[in-house]
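Input sequences plus hints: build the corresponding full structure.
Single-letter residue listing:
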Amino acid sequence: MRWLISGIDFLLKAGAAIGCIILVAMTLLVTLEVVLRNFFQTTMYFTDEFSGYLVVAVLALGAGYAYRHDAMLRVDLIYDRLPQQMHQHFGVVFGLISLLFCALLDWQILRLWLRTLDNGTHANTVTATPLWLPQGLLLLGLILLTLAVLRRLLAPVEPQTPAVGTQA
Amino acid sequence: MYDIFSILLGLGLTIGLLLLGLHIAIAIGFGGILLLVLVEGFGSLNAIGFILWGSLNSATLSALPLFILMAEIMLKSGVSDSFYDGMSKLVRRIPGGLLQTNIAASALFAAISGSSVATASAIGGVALPRQKADGYDSAMAAGSVAAGGTLGILIPPSIVMIVYSTFTELSVAKLFMAGLLPGIVVTAMFMAYIAIRCAINPTLAPKLHAAKRGDTVRGLREVAPMVGLMLVVLVTIYRGIATPTEAAAIGAFVAAIIAWAIRRPPLRVYVEAIFNSVVTSAAILMIVAAAFIIQYAVESTGLANALTDWVVGLGLSFTFFMLTLFVIFAIMGCFIDAIGLVVLTVPLLLPILQSYGIDLIWFGVITVIVVELSLITPPVGINLFVVDSISKAGLATVIRGVIPYFGIYALLLTMLMIWPSIATWLPSLM
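Just so you know, the protein sequences line up as chains A and B, in that order. Everything in the first sequence is counted per the numbering used here, starting at 1 for the first residue and increasing by one. Everything in the second sequence is counted per the numbering used here, starting at 1001 for the first residue and increasing by one.
Treat the hints with care, as some may be off.
Label pairs and their in silico Cβ distance ranges [unchecked claim]: (1) 90/A to 1224/B: 46 to 56 Å; (2) 96/A to 1300/B: 22 to 32 Å; (3) 28/A to 1309/B: 43 to 53 Å; (4) 1323/B to 115/A: 43 to 53 Å; (5) 40/A to 1309/B: 47 to 57 Å; (6) 40/A to 1220/B: 29 to 39 Å; (7) 80/A to 1300/B: 27 to 37 Å.
Here are a few chain A residues that sit away from chain B, every Cβ distance over 10 Å (derived from the structure) [as the list claims (entries may be wrong)]: (8) 1; (9) 9; (10) 83; (11) 126.
Simulated from the structure, these hints should not be mistaken for laboratory data. Quick reminder that beta carbons are idealized off the backbone N, C-alpha and C, glycines included.
This is how it looks when you write it as structure tokens:
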């Protein structure tokens, strides 16, 4: 069991690390586009298209890690006032609901991805990007999120104060 | 097909799970799926893949992680640390001294950080212990920090506005500009309130030491990085040099350079900032993703149309309709965070707003103000708890300090109802 949990933790961290690289790439790509357009009167044509793919990748690859570290936003008004024992029961019920939700998403995104792959669908843009690539990142991220939910069910961790500020 | 029992069950379960503490994204997404299955059957789920891909794959949404990255770099690198001191040197002459600094510093800090809670914690952590030692009135100090923290979601760049734009298909640039003037007006009103109170009763804020020579220059130098960064973002958007997404990328890039120039932080600090940005962005974007599912459910079950027909059938006047909305939003906002509130209500309200002929840009500003208001609504507004935990002044004292700001927000809402151009004038120039 222990190797499974540390394996999942490793995958979640690796996913978030790739998400970080993608965020940096997105920053540089979009900044470069502004510089090219304003100072060299040229454009890369694909910046808007790619930043769309990249934001999906940041979401998907970061979600599992965010779930693992309890950074997903929640309403804690009632939850925090419940006795400790109730937290455990709620944790199991919430974990099962989350697992069901994630499995449904995985299934639907897998269907989308397989269809894209079968049809060889390309983006209707200059780059004609094969869409199975960015959609594959979304699928990969959602599978990581499912693993994070499963990991929480197998070895519950007490919610900590999120490492990051909630964007209220 | 419209089936009231299934809809009530689906929506009831969503709200129930949300309030009990299931993650907002999962509660909303699961509720949407449940609604679809109950009303339309399992076959309706087959569209979810297309909907998620089609809506999330958006250049507009990519502004969100980039603005968060910009803020994280400024916060983590410590560039924002001397900002409070700098601001205090600039606004010290206005009656109220450091209380004025709380408001002015919060307004700018919150605009950059985009987070009310983070602002109240950051400014409160610096300001409250110092003001307690200096003998400031504790209710006034706590109230100004709690209320000041709320200013950031109105003053651009605002994450909530980006989320609002994805559901209304409005220009983010125009929404940002629409929030700017009301943001400045309410900041000025907050500062005027403190000045008047302290002029009438000088014991609320002790006299500051006489200013030293060169204080203004030093102050300007200390606030320059934050102000400069904000100007870069706003001017590039307003002048049409960059889209909000591009301005966000430039903002993050410039923030990294400013941090390097001023603090020379180790690489580890940048890595931490990027990691935090990915985590925070993913958490917010998951809510947006789930909201697209519930929006699809609400549309395909005919719920939005049924609700519109019902509200229009009531024949409410515009003012009464808006007042009812204010109350509902203010109550919901106490329980659900800003983004959750926007994604849950806006898709449902859109057809009703259109039937009343309401300007959606103006409504975006109104929504954000009501969300801000809910952050300081006694007894559950989250900023009250944040400030109470820092100041240890007691929740009752914090609430006493905050109530006048509540009145000021109500005044601002009234002004916006009477003179909508406070919000719509700036975007109309673009």
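Cross-check of the supplied hints:
no.: 1; hint: 90/A to 1224/B: 46 to 56 Å; result: 49 Å, holds
no.: 2; hint: 96/A to 1300/B: 22 to 32 Å; result: 26 Å, holds
no.: 3; hint: 28/A to 1309/B: 43 to 53 Å; result: 50 Å, holds
no.: 4; hint: 1323/B to 115/A: 43 to 53 Å; result: 49 Å, holds
no.: 5; hint: 40/A to 1309/B: 47 to 57 Å; result: 54 Å, holds
no.: 6; hint: 40/A to 1220/B: 29 to 39 Å; result: 34 Å, holds
no.: 7; hint: 80/A to 1300/B: 27 to 37 Å; result: 36 Å, holds
no.: 8; hint: 1; result: 24 Å, holds
no.: 9; hint: 9; result: 15 Å, holds
no.: 10; hint: 83; result: 13 Å, holds
no.: 11; hint: 126; result: 15 Å, holds
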